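Peer 1: Residue-level listing of the chains:
2 protein chains.
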Amino acid sequence: MINQHTGGIFQTSENPPMPQKTPITVAYGDGIGPEIMQATLKVLEAAGAQLVPEVIEIGEQVYLSGNTAGIAPASWASLRRTKVFLKSPITTPQGGGYKSLNVTIRKTLGLYANVRPCVSYHPFVATKHPTMDLVIVRENEEDLYAGIEHRQTDEVYQCLKLITRPGCEKIVRYAFEYARAHDRKKVTCMTKDNIMKMCDGLFHKVFDEIKVEYPEIDSEHYIIDIGAARLATRPERFDVIVTLNLYGDIISDIAAEMTGSVGLAGSANIGEHVAMFEAIHGSAPDIAGKGIANPSGLLLGAVMMLVHIRQSAVASKIHNAWLRTIEDGVFTADLLGQGQAAIGRPFGSMDFADAVIERLGQNPKKFKTVSYEDAPQTRETQRPLYVRAAPAKKEIVGVDVFVHAADVTADFLAGRLVTLAHQPRPAGFKLQMITNRGVKVWPGGFPETFCTDHWRCRFLGVDSADAPRSVTHSDVVDLLHNLVSDGLDFIKTEHLCSFDGEAGYALGQGQ
Amino acid sequence: MINQHTGGIFQTSENPPMPQKTPITVAYGDGIGPEIMQATLKVLEAAGAQLVPEVIEIGEQVYLSGNTAGIAPASWASLRRTKVFLKSPITTPQGGGYKSLNVTIRKTLGLYANVRPCVSYHPFVATKHPTMDLVIVRENEEDLYAGIEHRQTDEVYQCLKLITRPGCEKIVRYAFEYARAHDRKKVTCMTKDNIMKMCDGLFHKVFDEIKVEYPEIDSEHYIIDIGAARLATRPERFDVIVTLNLYGDIISDIAAEMTGSVGLAGSANIGEHVAMFEAIHGSAPDIAGKGIANPSGLLLGAVMMLVHIRQSAVASKIHNAWLRTIEDGVFTADLLGQGQAAIGRPFGSMDFADAVIERLGQNPKKFKTVSYEDAPQTRETQRPLYVRAAPAKKEIVGVDVFVHAADVTADFLAGRLVTLAHQPRPAGFKLQMITNRGVKVWPGGFPETFCTDHWRCRFLGVDSADAPRSVTHSDVVDLLHNLVSDGLDFIKTEHLCSFDGEAGYALGQGQ
Numbered sequence: 000m001i002n003q004h005t006g007g008i009f010q011t012s013e014n015p016p017m018p019q020k021t022p023i024t025v026a027y028g029d030g031i032g033p034e035i036m037q038a039t040l041k042v043l044e045a046a047g048a049q050l051v052p053e054v055i056e057i058g059e060q061v062y063l064s065g066n067t068a069g070i071a072p073a074s075w076a077s078l079r080r081t082k083v084f085l086k087s088p089i090t091t092p093q094g095g096g097y098k099s100l101n102v103t104i105r106k107t108l109g110l111y112a113n114v115r116p117c118v119s120y121h122p123f124v125a126t127k128h129p130t131m132d133l134v135i136v137r138e139n140e141e142d143l144y145a146g147i148e149h150r151q152t153d154e155v156y157q158c159l160k161l162i163t164r165p166g167c168e169k170i171v172r173y174a175f176e177y178a179r180a181h182d183r184k185k186v187t188c189m190t191k192d193n194i195m196k197m198c199d200g201l202f203h204k205v206f207d208e209i210k211v212e213y214p215e216i217d218s219e220h221y222i223i224d225i226g227a228a229r230l231a232t233r234p235e236r237f238d239v240i241v242t243l244n245l246y247g248d249i250i251s252d253i254a255a256e257m258t259g260s261v262g263l264a265g266s267a268n269i270g271e272h273v274a275m276f277e278a279i280h281g282s283a284p285d286i287a288g289k290g291i292a293n294p295s296g297l298l299l300g301a302v303m304m305l306v307h308i309r310q311s312a313v314a315s316k317i318h319n320a321w322l323r324t325i326e327d328g329v330f331t332a333d334l335l336g337q338g339q340a341a342i343g344r345p346f347g348s349m350d351f352a353d354a355v356i357e358r359l360g361q362n363p364k365k366f367k368t369v370s371y372e373d374a375p376q377t378r379e380t381q382r383p384l385y386v387r388a389a390p391a392k393k394e395i396v397g398v399d400v401f402v403h404a405a406d407v408t409a410d411f412l413a414g415r416l417v418t419l420a421h422q423p424r425p426a427g428f429k430l431q432m433i434t435n436r437g438v439k440v441w442p443g444g445f446p447e448t449f450c451t452d453h454w455r456c457r458f459l460g461v462d463s464a465d466a467p468r469s470v471t472h473s474d475v476v477d478l479l480h481n482l483v484s485d486g487l488d489f490i491k492t493e494h495l496c497s498f499d500g501e502a503g504y505a506l507g508q509g510q
Numbered sequence: 000m001i002n003q004h005t006g007g008i009f010q011t012s013e014n015p016p017m018p019q020k021t022p023i024t025v026a027y028g029d030g031i032g033p034e035i036m037q038a039t040l041k042v043l044e045a046a047g048a049q050l051v052p053e054v055i056e057i058g059e060q061v062y063l064s065g066n067t068a069g070i071a072p073a074s075w076a077s078l079r080r081t082k083v084f085l086k087s088p089i090t091t092p093q094g095g096g097y098k099s100l101n102v103t104i105r106k107t108l109g110l111y112a113n114v115r116p117c118v119s120y121h122p123f124v125a126t127k128h129p130t131m132d133l134v135i136v137r138e139n140e141e142d143l144y145a146g147i148e149h150r151q152t153d154e155v156y157q158c159l160k161l162i163t164r165p166g167c168e169k170i171v172r173y174a175f176e177y178a179r180a181h182d183r184k185k186v187t188c189m190t191k192d193n194i195m196k197m198c199d200g201l202f203h204k205v206f207d208e209i210k211v212e213y214p215e216i217d218s219e220h221y222i223i224d225i226g227a228a229r230l231a232t233r234p235e236r237f238d239v240i241v242t243l244n245l246y247g248d249i250i251s252d253i254a255a256e257m258t259g260s261v262g263l264a265g266s267a268n269i270g271e272h273v274a275m276f277e278a279i280h281g282s283a284p285d286i287a288g289k290g291i292a293n294p295s296g297l298l299l300g301a302v303m304m305l306v307h308i309r310q311s312a313v314a315s316k317i318h319n320a321w322l323r324t325i326e327d328g329v330f331t332a333d334l335l336g337q338g339q340a341a342i343g344r345p346f347g348s349m350d351f352a353d354a355v356i357e358r359l360g361q362n363p364k365k366f367k368t369v370s371y372e373d374a375p376q377t378r379e380t381q382r383p384l385y386v387r388a389a390p391a392k393k394e395i396v397g398v399d400v401f402v403h404a405a406d407v408t409a410d411f412l413a414g415r416l417v418t419l420a421h422q423p424r425p426a427g428f429k430l431q432m433i434t435n436r437g438v439k440v441w442p443g444g445f446p447e448t449f450c451t452d453h454w455r456c457r458f459l460g461v462d463s464a465d466a467p468r469s470v471t472h473s474d475v476v477d478l479l480h481n482l483v484s485d486g487l488d489f490i491k492t493e494h495l496c497s498f499d500g501e502a503g504y505a506l507g508q509g510q
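First to last, the protein sequences are chains A and B. First residue of the first sequence? That's 0 in numbering that gives the first Met the number 0, and the numbers climb one at a time after it. First residue of the second sequence? That's 0 in numbering that gives the first Met the number 0, and the numbers climb one at a time after it.
Rather than coming from a laboratory, the hints here were simulated on the basis of the structure. Wrong hints could be hidden among the right ones.
If several chains are the same, the list does not tell them apart, and a pair holds so long as it fits within one copy or across any two.
Stated by the list, open to error - Okay, derived cross-link-like pairs now, BS3-like style, lysine-lysine, Cα gap no bigger than 27 Å in a straight line:
id, residue 1, residue 2
1, K210, K184
2, K41, K364
3, K41, K185
4, K210, K185
5, K127, K185
6, K184, K82
7, K365, K127
8, K429, K289
9, K289, K185
10, K210, K20
Computed from a prediction, not measured in an experiment: that's the story for all the values here.
Using the sequences and the accompanying hints, generate a full structural model.
Peer 2: In C-alpha cells form, the structure reads like this:
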C-alpha cells in the first residue's frame with residue numbers, strides 16, 4: 000500500500016496510515032464505454048487507489064428517454080457531491096434537438112480547462128513524430144460553443160462567438176500554473192487576432208498580461224493557422240499550448256492523431272468546483288460488446304484524476320506500469336501491427352488490464368519514469384482565478400440594426416433609413432453605413448459585391464448639428480419604433496458602445 | 000509562340016494566329032513582393048503569355064497614408080476593368096484600425112472561392128508526406144471573417160459568425176465543378192455541425208443536396224477536428240476538400256506546410272466577376288530587398304491565372320519548366336539543404352526565374368507532366384451559381400434580449416423580467432429562460448455555473464391564456480420599452496423566428 004500524501008518521494012512501509020477514500024462519480028457510458036470502464040476500475044483497485052465510486056447513467060438511453068441534455072437531474076446531485084467525475088464515452092443520438100452532453104457538463108459545472116497531453120510512444124507505436132510530448136490547454140466553456148444560433152433570414156444563419164475576460168484570464172492562468180507544476184518550459188498562445196481583433200485580441204492581450212507573472216516560463220504567440228501548421232509538422236517544438244475553444248478542439252485532435260493512436264490519450268476537464276476525466280476517443284459502437292477495446296485512454300484519464308485528488312503515488316504507479324506494458328508489446332487489437340515488439344496475439348480489454356496489473360510496481364525501461372507529486376493543498380486557493388475589475392465608463396453611441404430584406408439594393412434601403420433616422424425628433428441618429436455579410440455596400444458600394452437578404456445598418460447618435468452624441472436606451476427604442484412604422488423587418492440589434500472612451504465595435508470592411 | 004486557345008493539345012506552329020492580349024492588374028506589394036513579382040513577370044513574358052499589366056499600389060504605404068482599407072479608390076477601377084489580379088504579398092501595419100486588405104478585396108469583389116493546391120515534391124523537397132496531392136477549396140467571404148465584432152459588456156466580446164445559403168451553394172458547387180474540370184475523384188466536406196447545428200449544419204446540408212448532381216465524384220463528410228487530424232496524418236487519402244472559411248484557413252496552412260515548403264504554393268481567389276492570384280506566403284520583410292526570395296509561389300499562382308484567362312498552353316509550359324527546374328536542384332536559399340539534388344549554390348530570385356526560362360519547353364522527368372486545358376467558354380454561364388428560392392413563411396415567436404448586469408444573480412434578474420414581460424398588456428411575453436455564455440442559469444440553474452456580466456433572456460410571445468402567439472415588431476419594441484423603463488441595460492436583441500413552421504433558433508445548453 001502506498002501513502003498517497005507523500006507524492007512518491009518516500010517508499011511504502013508495511014503499515015502506512017490508511018488514507019481516506021475519495022468518493023467519485025462514475026459513468027459507464029455507451030458503446031465500448033462499459034468495457035473500458037470495467038478494465039480501468041480493475042487497475043485502479045489493484046493499484047490501491049482509495050475510491051468510492053458512485054455510478055450515474057448518462058448518454059444515449061437518457062437522450063432517447065426524452066431528456067434533450069442526456070443527463071438526468073439526479074445525476075447532477077452526484078457530480079456536485081463528489082466533485083470528481085470519471086466518464087466513459089457516450090453516444091449522442093442522430094437527429095435534431097439533442098444538445099452535446101459534454102458541452103453541457105463542461106459549461107454547467109464550469110469546467111473551464113480541457114487538458115490534453117499528447118505524447119508519442121515511439122518506437123512501440125508507429126508515428127512520424129517520434130519525440131512529441133506536449134500538452135494542449137483548451138478553453139472549454141465559451142467561443143462558438145455557447146451554442147447561440149439564430150436563423151435570421153431566408154438565407155442567413157448566425158452563431159455567436161463570445162469571448163470573456165474572466166474566461167481568458169482563467170484559462171491562461173491555468174496554463175501557466177500547469178506549466179509550473181509539471182516543470183514545463185514554454186507556453187504557446189494561439190489566436191486569430193489578425194482577423195478577430197476584439198475577441199481573439201482579448202485572449203492575446205490577457206496572455207501578454209499574465210505571462211509576466213511567470214518569468215521562468217518562456218512564452219510565444221502564433222496566429223492559429225500558422226501555429227497549427229507548425230504543430231502538424233514540428234510538434235517537438237511545442238511544450239504547453241493554450242488556445243480558444245474551437246482552435247483547441249481542432250489542434251488537440253490533430254496532435255492526438257499525430258502521436259500514432261488516439262486510443263492512448265486521456266484528458267482532464269478542470270473547473271473551480273468539479274473536474275471530469277475521460278478518454279479522448281468516442282464510444283466506437285462498431286466494436287462495442289466484444290471486449291476488445293483499448294482501455295488506455297480512460298486509464299490515463301484516471302491517472303490524471305488520481306493526481307487531481309492527491310493520490311499521486313498511485314497515479315505514478317499505474318502510469319509507469321502502463322508504460323512498461325506498452326514497451327512489452329502488450330497490445331489491444333487497435334495497436335496490433337503498429338510499431339515494434341507487439342506480442343503476437345491481441346489482448347482484450349480485461350486481459351490488457353491484467354497485464355498492467357501484473358506490472359504494478361515496475362518502471363518503464365525505455366520511456367522516462369513518471370513521478371507525479373501532490374500539489375500543495377493551498378495552491379488553488381492562493382490566488383483567485385479571476386477578480387472582477389471596476390466597471391468602465393460605458394456610453395452608447397449608436398446601434399447596429401439588422402434588417403431582413405430580399406431583392407432590394409443598398410441604396411434603396413439607405414434612402415428609407417436616412418429619413419427614418421431623424422424622425423421624429425431633431426436629436427436622432429445618422430445612418431453611417433450599411434454592410435452585407437460585413438462588407439460596406441453603402442455609401443460607395445460596388446456592384447460586384449454579392450448581397451444576401453441580411454443588411455447591417457449602422458446608426459450613430461447625432462445632435463441637431465449632426466455632431467456625435469451619447470444615446471440612451473430610449474433613443475434606441477424610438478429608432479426601432481420608427482423603423483417598424485415604416486414596415487421594415489428588423490431582426491436584431493447590437494448596441495455600439497464606448498468603454499472608457501474606446502470604441503467597442505469594429506469598422507465595416509471597406510470602411 | 001503558343002496559341003493559347005488550343006489548350007496544349009496542338010503543337011505550336013510557325014505562324015499561329017496572334018492571340019489577343021489580356022489586361023491584368025498587378026500589385027508589387029510589400030517586403031519581398033517586388034522581387035518575386037519581377038521574377039514572375041519575366042517568366043510569364045519569356046513563356047509567351049499575352050498580358051497587358053496595369054500596376055496598382057496597395058498595402059503598407061497606402062495604409063500608412065491614412066487609408067484603413069489599404070487600397071486607394073482608383074485601384075478598384077483597375078480591378079473592375081481587368082477582372083484579373085496578380086498580387087504580391089503585402090504588409091499590414093501593426094496597430095488598431097487597419098482592416099485586412101485581403102479580406103476586403105475578397106469580400107468587396109465577391110471572391111467566394113479560395114483554391115489552394117497542396118502538392119509534395121518528394122524527394123526534391125523534404126516532407127514526411129511524399130504523396131500529397133490535394134486541393135483545398137475554402138469558402139472565402141463569410142463565417143467569422145465578416146469582421147462584425149462588438150464589445151458588449153465590461154467582460155464580454157462578441158464576433159458574429161454568419162453562414163448563408165448562397166455562400167454555401169456557391170462554394171460547394173465550385174468545389175464539385177473544380178473536381179470535374181481537373182479530373183479529381185473525391186470531394187470531402189468538413190464542418191463542425193455536431194456543435195453548430197444551424198450554421199455548419201446548413202453547409203453540410205447544402206453539400207448533401209449538391210453532391211447528387213455529380214454522381215461520378217465520390218463524396219464524404221468529416222467533423223473538422225477529425226478531418227484536420229486525418230489530413231495531418233494521412234493527407235494522401237484526400238483529393239478535393241471543401242470547407243468553411245475559418246477551417247479552410249487553418250487546414251490550408253497545415254497542408255501547405257506538410258508539403259515541405261510554403262514557398263512553393265500559389266492560390267486562386269475566384270469570384271463571379273473578378274479573380275485574384277497570389278502566393279500563399281507573406282511579405283517576409285526580414286529578407287526583403289536582398290533578391291534571394293523564392294518566386295515559386297507567385298509563379299504557380301500566375302500559372303493558375305493563365306489557366307483562368309484561357310492561356311492554358313502557356314500555363315502548362317511554365318508549370319512543366321518549373322517542375323523540371325526543381326528536379327534539377329535549382330533551389331533558392333529557402334530550399335537549400337532540403338531534400339535531394341540541390342545544386343550547391345543558392346539561386347537568387349532572378350537567377351531562379353532565368354533557370355525556369357531556360358527550361359521552357361522541357362517537361363519534368365520524375366514528376367507527372369502537367370497538361371492544362373482551357374475550359375469551355377460557356378461553362379460558367381451554363382447554370383447560375385445561386386438561384387434565390389421563394390421566401391419561407393416567417394413568423395416571429397419571441398425575442399432574445401441580452402442584458403449587461405454585473406453582480407446580480409439569475410434569479411434576481413428573472414424576478415424583474417417576469418413582471419416586465421407581461422406589462423403593459425395582457426398579450427405579452429413570457430420569460431422562458433436566462434442563459435449566461437449559452438448555459439441555462441434560470442430556471443433551475445446550478446451554483447457552479449460561472450456567470451459573466453452578460454445575460455441572454457429569452458422571451459416567448461404568449462397570449463392572455465399563456466399560450467404561444469405570433470409576435471409583431473411592435474410587440475418587441477414595446478417589450479424593450481418596458482425593460483428600459485425599469486432601468487435594465489439591454490445591449491442587443493435577436494428575434495426568434497420560425498420559418499415554414501420550423502424553429503429558427505437553438506435551445507439553451509441544459510434546456
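Peer 1: Indicate, hint by hint, whether the structure satisfies it.
Peer 2: Structure-based check of each hint:
| no. | hint | result |
| --- | --- | --- |
| 1 | K210 - K184 | within (12 Å within a copy, 48 Å between copies) |
| 2 | K41 - K364 | within (24 Å within a copy, 60 Å between copies) |
| 3 | K41 - K185 | neither (36 Å within a copy, 45 Å between copies) |
| 4 | K210 - K185 | within (10 Å within a copy, 45 Å between copies) |
| 5 | K127 - K185 | both (23 Å within a copy, 26 Å between copies) |
| 6 | K184 - K82 | neither (30 Å within a copy, 51 Å between copies) |
| 7 | K365 - K127 | both (19 Å within a copy, 25 Å between copies) |
| 8 | K429 - K289 | neither (69 Å within a copy, 51 Å between copies) |
| 9 | K289 - K185 | neither (42 Å within a copy, 33 Å between copies) |
| 10 | K210 - K20 | neither (37 Å within a copy, 57 Å between copies) |
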